[in-house]
Every structure is written in structure tokens, then in C-alpha cells.
Amino acid sequence: MPGTSKRMSHKAGLPPGSLVHIGKRKVEKTRITIMDYDGEKFQEKEAQTIEECFPFKDKPTVTWVNIDGIHDMDIIEKIGKHFGIHPLVLEDIVNTRQRPKMEDFEKYIFLVVKMLTCEQDQHEISAEQVSMLLGPNFVISFQERLGDVFDQIRDRIRTSKGRIRKEGADYLAYALLDAIVDGYFIVLENLGERIEILEDSVIENPTTQTLQVINGLKREMILLRRSVWPLREVIGTLDRGGSALIHETTGTYLRDVYDHTIQVADTIDSYRDMIIGTRDTYLSSLSNRMNEIMKVLTIIATIFIPVTFIAGIYGMNFQFMPELGWRGSYFVVWGVMIGVAGVMIAYFKKKDWL
Amino acid sequence: MPGTSKRMSHKAGLPPGSLVHIGKRKVEKTRITIMDYDGEKFQEKEAQTIEECFPFKDKPTVTWVNIDGIHDMDIIEKIGKHFGIHPLVLEDIVNTRQRPKMEDFEKYIFLVVKMLTCEQDQHEISAEQVSMLLGPNFVISFQERLGDVFDQIRDRIRTSKGRIRKEGADYLAYALLDAIVDGYFIVLENLGERIEILEDSVIENPTTQTLQVINGLKREMILLRRSVWPLREVIGTLDRGGSALIHETTGTYLRDVYDHTIQVADTIDSYRDMIIGTRDTYLSSLSNRMNEIMKVLTIIATIFIPVTFIAGIYGMNFQFMPELGWRGSYFVVWGVMIGVAGVMIAYFKKKDWL
Amino acid sequence: MPGTSKRMSHKAGLPPGSLVHIGKRKVEKTRITIMDYDGEKFQEKEAQTIEECFPFKDKPTVTWVNIDGIHDMDIIEKIGKHFGIHPLVLEDIVNTRQRPKMEDFEKYIFLVVKMLTCEQDQHEISAEQVSMLLGPNFVISFQERLGDVFDQIRDRIRTSKGRIRKEGADYLAYALLDAIVDGYFIVLENLGERIEILEDSVIENPTTQTLQVINGLKREMILLRRSVWPLREVIGTLDRGGSALIHETTGTYLRDVYDHTIQVADTIDSYRDMIIGTRDTYLSSLSNRMNEIMKVLTIIATIFIPVTFIAGIYGMNFQFMPELGWRGSYFVVWGVMIGVAGVMIAYFKKKDWL
Amino acid sequence: MPGTSKRMSHKAGLPPGSLVHIGKRKVEKTRITIMDYDGEKFQEKEAQTIEECFPFKDKPTVTWVNIDGIHDMDIIEKIGKHFGIHPLVLEDIVNTRQRPKMEDFEKYIFLVVKMLTCEQDQHEISAEQVSMLLGPNFVISFQERLGDVFDQIRDRIRTSKGRIRKEGADYLAYALLDAIVDGYFIVLENLGERIEILEDSVIENPTTQTLQVINGLKREMILLRRSVWPLREVIGTLDRGGSALIHETTGTYLRDVYDHTIQVADTIDSYRDMIIGTRDTYLSSLSNRMNEIMKVLTIIATIFIPVTFIAGIYGMNFQFMPELGWRGSYFVVWGVMIGVAGVMIAYFKKKDWL
Amino acid sequence: MPGTSKRMSHKAGLPPGSLVHIGKRKVEKTRITIMDYDGEKFQEKEAQTIEECFPFKDKPTVTWVNIDGIHDMDIIEKIGKHFGIHPLVLEDIVNTRQRPKMEDFEKYIFLVVKMLTCEQDQHEISAEQVSMLLGPNFVISFQERLGDVFDQIRDRIRTSKGRIRKEGADYLAYALLDAIVDGYFIVLENLGERIEILEDSVIENPTTQTLQVINGLKREMILLRRSVWPLREVIGTLDRGGSALIHETTGTYLRDVYDHTIQVADTIDSYRDMIIGTRDTYLSSLSNRMNEIMKVLTIIATIFIPVTFIAGIYGMNFQFMPELGWRGSYFVVWGVMIGVAGVMIAYFKKKDWL
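Residue numbers (the numbering used here), protein chains in the order written: chain A, 24 to 377; chain B, 24 to 377; chain C, 24 to 377; chain D, 24 to 377; chain E, 24 to 377.
Accuracy of the hints is not assured; some may be wrong.
Note: identical chains are not told apart, hence a pair may lie in one copy or across any two.
[Unchecked claim] With a cut-off of at most 25 Å between alpha-carbon atoms, the simulated DSS-like pairs for lysine-lysine come out as follows:
#1 Lys-124 - Lys-184
#2 Lys-49 - Lys-374
#3 Lys-80 - Lys-318
#4 Lys-189 - Lys-104
#5 Lys-64 - Lys-318
#6 Lys-189 - Lys-101
#7 Lys-47 - Lys-373
#8 Lys-82 - Lys-318
#9 Lys-82 - Lys-52
#10 Lys-47 - Lys-82
#11 Lys-374 - Lys-318
#12 Lys-130 - Lys-49
#13 Lys-318 - Lys-68
#14 Lys-124 - Lys-189
#15 Lys-184 - Lys-101
Keep in mind the hints are simulated off the structure, nothing from the lab.
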């Protein structure tokens, strides 16, 4: 989270619309892929230069230009010029510290969402910013690096599975959003498992690391929440916004994604409550531990301190101590000591400390 | 709760409208029962195939088709085709991870609610998803398994008790919702008893399990809350939504169910406060325990440590210790020890520790 | 609070409008009293049968029928039939687990409020449900048992004191609401005194019962809050609702009651903060106690353990211990011991522990 | 705060509009002062009877009648009759338990606000209720006792400083409100200083009184908050209410007071956070204290218990203990003891306990 | 924060519009700089008297008058007179305790914002109030002292970089706001680093100062929050307010700043959660410490107390103690002691305390 503002400050004072890539550069070379299709035709290619995708702008077919890598200002500027995109939008695309948002510029809609994935070791959620420009017959998507959650959509376009080849660019944008929100469920599943592991370990073996793990989970929760909450609004506005770019039939699908984001938000809230419960358990287990340590100390001390006192009595060197001379008094004293210890133990048994 | 997202992730990337059963399969074979009635006639049968219920669609009588088991995609698809249901609705029916919701498709209304019941051992709340399709003259309800809270409604239809036979399909849908919300009160009653038991046990015998029980109850509370809160909105929208499928007379009844859901939500809030109070009691009882343990240790130690010191003094082997030779000094020392102990005990009495 | 759902579950599944008395039966025999008045005339009688009050329905005078005891379904049903009351309203009247609410049926307004009183021993708040039917020229009030806060209103009607005899039925309904809200202030006063007593006892003498008392007060607070909060809305709707049954002049009076409910709600919030403060004080007094116990133990132990060690040294039986043979070494050792103890005590004084 | 409901309950059941003084009687004799002015003329006098101020009602000049002491029902009633004030307003004026509010009766506006001042010893905030009646050319203000924050306004009227003599009654009402809100800043300043003193004392010298001080401050905060929050609404409504009694030019000034109330509310929130921080510091300082006490005990005990054991060994009276007869073994034992103590001390140094 | 009300109280009772400088005087002499430009021309000068900037008011070019130092009432009054500014606005300009706000006076817009910067030692955030008057062709900005975040804007005007020379005064005002909000990111970055340092130190080396640092950070957070939250509203109102002074093209830029303020607010919320997490970690580390101390004490005490008792037994002086005379019994006792200690150690190993 602290990173959120890190590079942002480098831009302070620059004129608006200055294209400065904010964030870590995650890919070597920008990769541009184009998919162009309608109900009958389908064409897919990897472009070497951004100019290759310009002719598709005026074709009636639906065109999806996907750009992996947003550090090359040249490409972004050319797209901006050719498709007539507002400079502030271009600035937002290359700034990976955006909040999910949706802006309607009539000729196109600009969308920023966060794509969440789990790393291989499954113990870190990684977020990547995906920006989309939705025009009448094109979708241009910008990602920070290679690899995404859109492979099944590409297959559906290639194999003409489902409705996607029959619908317009708005349906394609919906499909991308849907895939991203579906990805949240995988992340939630991962988080849920880690919370369960945490809950078990807190009971069985609480350590000083536990609170670090809890704080770490809380932070990932915040990351997720900050990705999901604004998304609700984004999708809600898309649906109700009355943009001419969104067909009415797509609205039903958007409401479905909207329901999913609410479901994700609900689950996040449940998880948060569970984590707080775990924290309570951890803190009270610390108290319980202390109680147990104190009990051991108290039992040992209260049994032996009185009998040690008795031994001390008869270790005194007074010349006139009648008991010392009596036969059997040594064994009587042993008896008294065992008796005292027995009373103590009985007392602890009664108190349920043993 | 973690389960909420479990199977959901298996669907990531599939085209929308793909019928994939999400959730545990709870029944072997799908069971279809049909009740068809108007003010005069009544007919009830168990259908072997889903096609048997199709003719009822065009009859003027009210038809209630109840389907137990939603894992058979074939049946769901056929219903969808015959009754003209949107593919996304069918997808929602077979996905048991839905949030309660209501969608008005003009020709029919789609409802998702959660039916809560207590297991026999009374220590677990089990939730089952009930979906309903309300048409002009039919209600199709989908349940995850056999057994529900609708038996009294069936009796009322069979025996023509109350208004149910005189009213339309919307009244039937209301009656089903009413029965489900009434079921919440039974669950609340169960929860209330368990909270009372917990409150007693926290005072009498707090153990390390207590916090687990508290966290468990909090989780069931969340489950209930997540079932009830969206339901308020669902029923409120049904009442005010202005759908032609809901008659004005049914509105009064819906407001009654609405009041009940608010009552349930209120009770949940009270319970939550009670559980938080119990948690406070538990944590402070840990502190009290520690205090008691410390008190015992302190009393024993502060009585015996000084007198043991006195005994140590006269255990020294100096050649010139005048007291050692005096007659009676042994008994004087005993007296001093008893005096010191007495002062200590008086001090503790004053401090209210004894 | 757990009781809130208790009997409610017995009704699960019954058809709506079934008159089932929900709650404890608090009175043996239903008592019906009638007051009928206008500016000049006044008549008061206790009716033996409910039919006696029917003729008043069509008289132009204002009639107040008060019914103590709501377990007799027969009476309720007859009233319902004669005055044309909706079955669901009758069901609500006999269900004492209602939330305060107001429903406008055009011909009459239905009100449910909670009347709170303090028991004689002053340590329990008891809540009673009061339902009212406000018609153009009548108010029918239903109470669970004999005894209420309306005696001064009866006096004002009898003696024609104030405006009550000059105004209509809506003013009477206002007067009843006003008396109930005034009753809340008495309850608040009682609660305030108990909180003050609690605050004093927490500082002077915190016991393990304290937390039970705090939780008990919190629960009564919730009861009060649940009675008052919905009432705000009820009275606000009455005032702004635009019902023809409420005259404009009565609106000013209703706003006054509305202000009072806000004042009650405010005071409840203050009390809640005070109770939370008391809980903090209690918990920190536990820690303080522990500190004090530890201090006593530490002082005794750290003074006597070192000197006991010194005594132990000269209790050793080595043949070559030069000090043992020296004259006066016994007294030197005493001096050393007193010195060590003195240093310890000075240290504790510096630490402010003594 | 408990007092809030104290006297209130004495009124329960009385007819509305009954003039009963609720609150402590704070002044012996009611004092009535009149200021009458316009741009040119100015007149000031202390009235012996309330009738003296009646002629001013119909003069075109602005008249400010200030009444200190509201226990004399006779005066209040006469004002009510002469100026045509609603009985409920009169009831509110003499009830000092009001919440700040504003009511527009077209011919006049009724305002209730709380005037806060610091007592001489500066350790208690005292609240006084100020009611105002704002008419077309008069302001009547009611205070509980002599002494207020309006002296500078009186000077401005007398010396014709600022705009006050050129403006109407609404500007006078604004000026009074402004003076009251300015008074809140003085109270806040006082509170701020006390919080700073508290913060210092918590770190330097936490005592058991600290929590009482914290709870006391929290309570004064609540008092302030309850005075300020409704005031925002009151002033906001005055500004936007569209009353003919408020000129448009005064609106700008009211917005300025509105900003000030928001500033006061903001500062209260900050103070609340600071007090909560202090409470945290206090509670953790209790834990720190305990840790320190435990450390002292542990250091002393763990150094002396092992060496006392060694001394105990050679205090045994076995006939065959070879070490006892060896020369120098006494000194060897001393060396061992010092070594053990040294190891312990080194361990504590490593642990940073010394 | 306590300072917020400090000087404010000095003004209590003064007539509105009184120019009283509230706040610390931060600069010796007021410095006035003027920049005047349009697309072609550019002029910059430092004015000796405020009258030098008056001629620019009627020129068509955009003029930016920047005033460092607001303690000279004379200058403020002259500006007020010449530019026709409302007295209350002038009063607000010289009162540095303002909340960020925006007021539209049709002929000009008045803006108050907080400029935050980090001091050189990087451990304190310093806030400075910046007021702006935005007219049709001028911006007058008031700062408390020399030094600001506007240097890059001055460079852009001088070098005609970006759009600033082509746009009007509203764009200049936007640019100033943008620079101030960009400055917040630098402050956030600084805060983020300090929180990270805190988090590390809490785990590695928690001290009693830690809570002071946490409370200090929380306070700076509140300062930031109080600067940012109202700013959102300010910028939102500027954008949607429909003022003729704000061109439509500038609206897009304002929405961009708006997004940034939301991003800042989001980050503040995350930081707050992190700080609360740190506080939890700190408090639980106190408990852990106590546990560790107790463990050491318990281990030492429970090992040596029993064996010391055994030594005490054979230090008794009874004449008939058979063991004392046996050969080898000394070594047997040693063996028993070592055995007891071994059992204790094994027990602690099992408990995971060693």
C-alpha cells in the first residue's frame, strides 16, 4: 500500500496530460495482438507496429486490440492520436496507480479495472491494472505485462462458442469484465484457504508471527476491497449510464457481473469478520498462556514454600529445642510436610487447576 | 463461508449462460411435484418427466411446480426453453452461491432466497437455496434437496383452508416467502437458546473452547444476516416494484412479510450485541482468573518468605550468637513467626484478598 | 431478547390473518372501558360485552375504547368485523412481538407502540405493547394488561382540562402517544440512576458481577432503543403522511412528541457511551488490581530473598569459614541484612511503589 | 447527562402547553433589559415589569428584549399572549432540557441553542439554554441566568460599531448566534489545554484517576457535540429555509456561522481521537508497569534462588560430605555463587532487562 | 490540533468582517509577485506596493497575483476594495484556521485549500493555508509564507510549456489545485515510509515511545484527512457548480484532480488500517514480553524451589535422622536433586517453554 503513492510523487508539478509511466516496468517489449471478427469472419494477428491496427478502426467488424506493456509512450500517443482519445485518458492508462473508474466520452468509454491473480507459490495476490477503451466497434485493452485471465475468451472467439461472435464490442467488453471478476473468486478461494489454515494454527500453535500473518491478510483484503468496491459503481454506471455504446441486451449481462461483484464484496466482509475473530482468539490465547505459566509457578511455589519453612525451623541451632531430641520427631515432621503438600494439592484440585 | 467462493472459481472464463451446477449435490434423483388448483378444482401429482408439467402453462388455473434437486441440467434447460426463461436466470438457478435477489423480466419474476433450517442435533444451521419463477398463473420453485418448510402450505391448498385457493400465483409466491421467513424465527429461537447457554457457561466455567463457540455463533449470525438483509430489499421491491404480476391485494401481505424480515434483522442485531457482551465477559474472566492465581501465590509467598528468613537466621553457625543459648528463645522465635504471619493475614483481610 | 422469537415460531406456516395470541398472557379477563365525549357531553362506562361499544361508531362524538387483555380472539374478531379492520392488522394486534409501526389504511390508521414502565423494585424495565386504531371519530387502544400511563389523560377528559375535549380523535391519539413518550423519560431517569450507582461501585468495589450488571444495562438500553427508534419514524410519518384523519393543528403537537423521541434517543446514546466508559474503567481496574498484587509480592520477595540467602551462607557447615569464629560477625551480618533491606526499600520508594 | 431526564419526568401526563419550569432555578429574580435602535436612534433600559416592553412591538425600530431567568411563568405567559406565541413554544422556552432546534411559525422564528461557558476554575463546562424569538422587528432572548457572551454585541449596538445598527432584527439574531458559536471556541481551547495536560500526565505519571478524567472529558465532549451538531442543522435551515424574516444579505453571514459550527464539530472529532489515543496510552502504560514490576521480581528471584540452593547444600548435616572438610572449599563455593549470579546478570543484559 | 481553536477565541464577539490575522505570523514582509500572460505575451514582476497590480484587473490577459504573507491588513483591505470582495471573504483569508471550502460569489470564486509539505528533517508535516480568488481574468493567491509547490507552474508559464498559456484563469486555478494535490502524494510517500519504519521497529524493538509515535502518526493522518476530505467536495462543486467562470474544457481537468483526491483519501484509509494493525502488534508484544519474563521466572523457581527444599530437609538438626549417618547418602541426595531438576526441565521442554 505504501507503494501506492511512491512513484506518483515524481509527477508532481508536471502539466496535465504529460505521459509518464508510473509503476514498475513489468515487461521488456510491448506486445500487440489483434483479433477481428464478426459472425462469419475471424482474423487474429500479432502486430509488429501499432500502425497495423489502425485500418481496423473503420471496418464494421468488431476489433479487439490487446496491448501488453504500457511503458512505451510512443505507442500510447499514436493510439491517442488515431482514435481521438483525450490526453488525460492516455495519462491515466500509463499510470498504474489508478482507482477503478469509468468515464464516458460519448465517442468512447474509458474503463480502468484491477486484474487480481495469485502467484504460483499461492501466498501473494498480485494486482495488475487493465485499462479498456470501448468504441462503437472496437475494444483496446492495455495490460501491464503478458499473461491474463482472457484465454478462454480468446478461445470462444476463435471457436465461435457462445454468443460472443454474434454480439458487438460492448459484449466483448462485458466478457473481459466478467473474466476479471471471475478471477476474483479464485483469489477469494485462495484467501479463504489461508484464513482457515491461520485459524487452525492460532488454536494449535500461536506464535509471535501470527499477528504479522493476520496484518498481512488484512492488507490483502484492503487491496481486494479497493479493487472491488469502485468496480461495483463502475459496472452499475455502465448499465444505467444510458450510453449509446452499450446495447440493451448487454445490460442484462452487466447486471449479472454486478451481482458477482456484490457477492465478492460480501465474502470479503465475511472474511474480515473471520480475521478479526482470529485476532481475538490469538490475543486471548496469549492470556491463556500466561494463566497456564502462572498456574505452574503458583502450584510449585505454594507446595514447597511452606514445607521448606518447616525444614528451616528444625535447621535452627537453638540449644533448647525439645523436638530435636525426641525419637521419631524426624518422621513426624515428614508426615506434617506431606500433609501440608496434600492439603495444597487438594485445594488446587478443587480450584480445577490440576 | 470460505466455501462461498469454492466451486465458483471452476466457472471462471466460461461463456455466460453456461449451465454448471455450483454447490454440493444434495439429492440423488430430481423429484418433480405439481399442484394445480383454482377455487373449485385441485390436482396433485408427482411427475416422472419434466414434460408432464408443460401443459399446465396455458391453463387458467394456478400451477405450482416444485423441483427438488438442481443438478440435472437437462431438466433446467427444458424448463428454460418451454417457459421462455433467460439463460442467465437458468445459470443462477443452478448456482447455489447466489445472494437473495429479485429480477423482474416482465413476463415472469425471478426470485432467489435462502431457506434456513436447524439440523436435528440442533447445533448447526443449514442453508438451502430456493429459486422461484413467478409467472401470471404459475410458480416454479427449485430446491437443492427434499424436505422444506412448505408442508403447511400444501395442506392449506389441499384442504382449501384460508384464502390461498381463491388467490392467484402471486399469493402462492407470497405464501412460500412467508413460510421461509417464518422458518427464520425457528432458527433465531435455536440461536437464542444457544447464546443463553453460552452466557451461563462463560460465567460458570470459561474454557479455551469458549472463544471458538463465540466465533462459531458469530459466523452463523453472518450467514443469517446475509440471508435476511438482501431479502428485505427483495420483498420491498416486489411490493413497490409495480409489476403487473403482483396484485394490489397481495401488496398488503408482502408488507407483512417485510415487517417480519425487519424483526428478524433487529433480533440478529440484538444477538450480535449479546455475543459481543459474552466475549467481553470471557476476556475479563481470564483476567479475573489470573488475579485469583496471583492472589494465592502472593498470600502464600508473603506469609512464608519472611518467617523462613527468621528460621534461616537461627540456622547460622556463628559461634557467638547470644540468642542460641538463651532458654525459651526457641519459643520466642515461634511467637515472632506467628506474629509476622498474623500481620500479613490481617493485611490481606484489609485488602479484601481473603 | 431471546424471547423475542420464542413464541413467534409457533405460528410458522399458518395462513396469514390467523389470530394466534403471541406472548405471555398477562391478565385474566379482558376489560373494556369506553369514554365518549365532545366539548359539552361526557360519558364513561365499563362494557361487559364488546357489542356495547359498537353504537358509538356512528355517533359524531369522540369515542375512546380501551381494551386491557388481548388473548380473547373472539373480541378482537368482532371488533375487526364491525369496524372493518384488515385481518393482518388483527393478527398484528394479538402478536405482542411487533416492532413499533404505523400503517395508513385511509379509513383508519393502525399504530403499534411500546409502553415502558419500571417495576416496583425499580430494577427491571417492563415493556408492554399498545396498539391503536385511529378512525375519524374513535380511538381503540389495545393493551396487554391492566395499568397504564393514561390516567392523567382520563382525568383531563373527565374534568375537561386543557384542549382535549375540544379536539378530535387525532388529538386523543396524540395525547396517548405523548403520555407513552413521557413515560420513557421516567424509565430513562431510572436507568440514569442505576448507571450512576454502577459508576460509583466500579471505582470503589469492582466485582465479577459488575460485567453482568453492565451487560444487563446494555440489554435494557437495546430494548429502549428498539422501542424508540422506530417510533421516531412512526410519528414523523403521522405528521407528514398527509392522512385526512390527522388535522393540521395536531401536526404541531406531533412535532413536539417527535422532538421528545429524538431527545430520548440522544439520551440513550449518551448512556451507552457512559456504560462503555464504565466497562473500560472496570477492565482497567482489573489490571490495576493485578499490578497491586504483584507489587506486594515483589516487595516482600525482593526484600527477603537476598537476606535469606545471606542467612543461608552462614548456615553452611564448612570446617574452614573464618567469619564463623569472629566475635561480632553475627551482628555485622545483621547489619548487612538490614542494609540490603534498606536499599531495596529505598529503591521501591524511588519507584513510587511504597 | 443523567440529569437530562431528571425533571422531565415530573411533567409526564400533563396536557401539552402546560408551563412547567424544567431544570435548576439559577437566578433569584427575573431581569428584563430592552435595547431599541435603528441607524440613528438608540435607547436602552431595564424594565421592571414585562409590560414595559410591549409598546416596542409596533415600532419600526429593532428591539432586543433580553430576559434572564425563566422560572416566572407569569412573564412568559404575558409575552406569549402579547406577541401571539404558540403555547408549545412557551413550554419549550421554560424547559431547559431542549435540544437545539429551529421552528418557523411564519410570523416569528423560534430558536433554541445552548450557550457554553467555562467556569472560573476552568475545569467544568457549564451549559445554559438560550431561546430566541425572532420577529419582523424584534428579538426576544431568554436565558437561564445573568451573565452571557453578548456584552460585545451590546457595545457594538451602543457605539454603533460595525453594521449592526444598519441592519434588521435578523442580523441581530445572527450576531447572537455568532457570539454563542464563538464562545464554543473558547470552550474548545480550554478542553484542548486539559487534553494536553492529560496526555503529558499519562506518560509521566499514570494513576487510577486518569481513567476518571478521561471519562469526564469524554462526557463534556458529548455535551459539546450534542450542542453543536443540531446547531448545524438549525443554522443551515435558517439560511436555506426561505423565511421572509431572514434577508438575503444575512444569509452570507449565516453561512459563515455555519462554517464555524462545522469547524467546531471537526475539532471535537479530533479531540475525541486524541482522547481515545490517551486511553490507549494509559492502558498500555498499565501493562508496561506490570512488565517492569515483573522484571524486578524475576531478576532478584532468578539471581538469588540458585545461590540460596547452593548455600542450602552445604548446610546439610550429612556425616560424609567430603567438601566440608577441604580447606578453601568455602571460598570456592563463594566463587561458584558469584559465577552463577554473573551468568544470570549477563543473561538479563542480553535480554535488555537491565 | 489543540491549536485549531487557540487564536480563534481572541476574535469572539468582534463584529463580522473584522480583519484580524489568526495564526502564527510566518513571514517578515509581505511579498507580492505578478505574472501576466496570454498566448503571445508574458510579463513577470515583483510589486513593491499592492497598487501596482490594480491596472491588470481590466486587461484581457490572464493575471496571477501571488501574495506571500497575510498579516498586513492594509494590503488585504485594499485588494478587497479594488476587486470588490465581500468583507467576510477577507476575514476568511487572514484567518488561517479555515476548513477547505469553495464559495461562488458569481463575479469571483473564493477557494480555501491546505498546502501540505514535509519539513527538511522529513519528520513533520507542515500545513499552510492557501486562499484563491478566481475572477474572469485573474487569480489572486494568498499564502502564509514564502516557498510553495508552484514553481513548476511558473516555469510552464514562462516557457509556454503545455496548454497553460493558451487557457484562461480557470485553468490557472486548476493548475494550482493540481500542484497542491500532487504535493499530498509526496507527503503520503513520506508518511508511508515512516509507517514502514514503525512496523519494523515494533516487531524488533518495541519501546514505550512506540505508542507516542503511533499517536503522532494518527494525528498527522487526521490533519491530512481534514485537508483532503473537504477538498473533494470543493473540487466536485467547482466542476458541477455551473459557474460561468469555469469553462467546460476545464471540467475534465477538475475531474482528474477529483480522482486524485479520492486516491489520496483511499491511501489515508489504508494507512489508518496499517497504523491500527501496528498498535495491535505493539500491545500484543507487551503481552508476549510479559509471558517471556514469567517463563524465565517460572523455570528458575520451579527447578530450584523443590531441590532447595530437599537441601533444607537434611539441614535439620534432629538427633535421630538415620540418613545422615549413612555413607553415600550425600551423593544419593545429589542424584535425587538432579533427577527432580531433570524432570522439571523435561516438563518445560514438553510445554515448549525451553
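Non-conforming hints, listed in increasing numerical order: 1, 2, 3, 5, 7, 8, 9, 10, 12, 13 and 14
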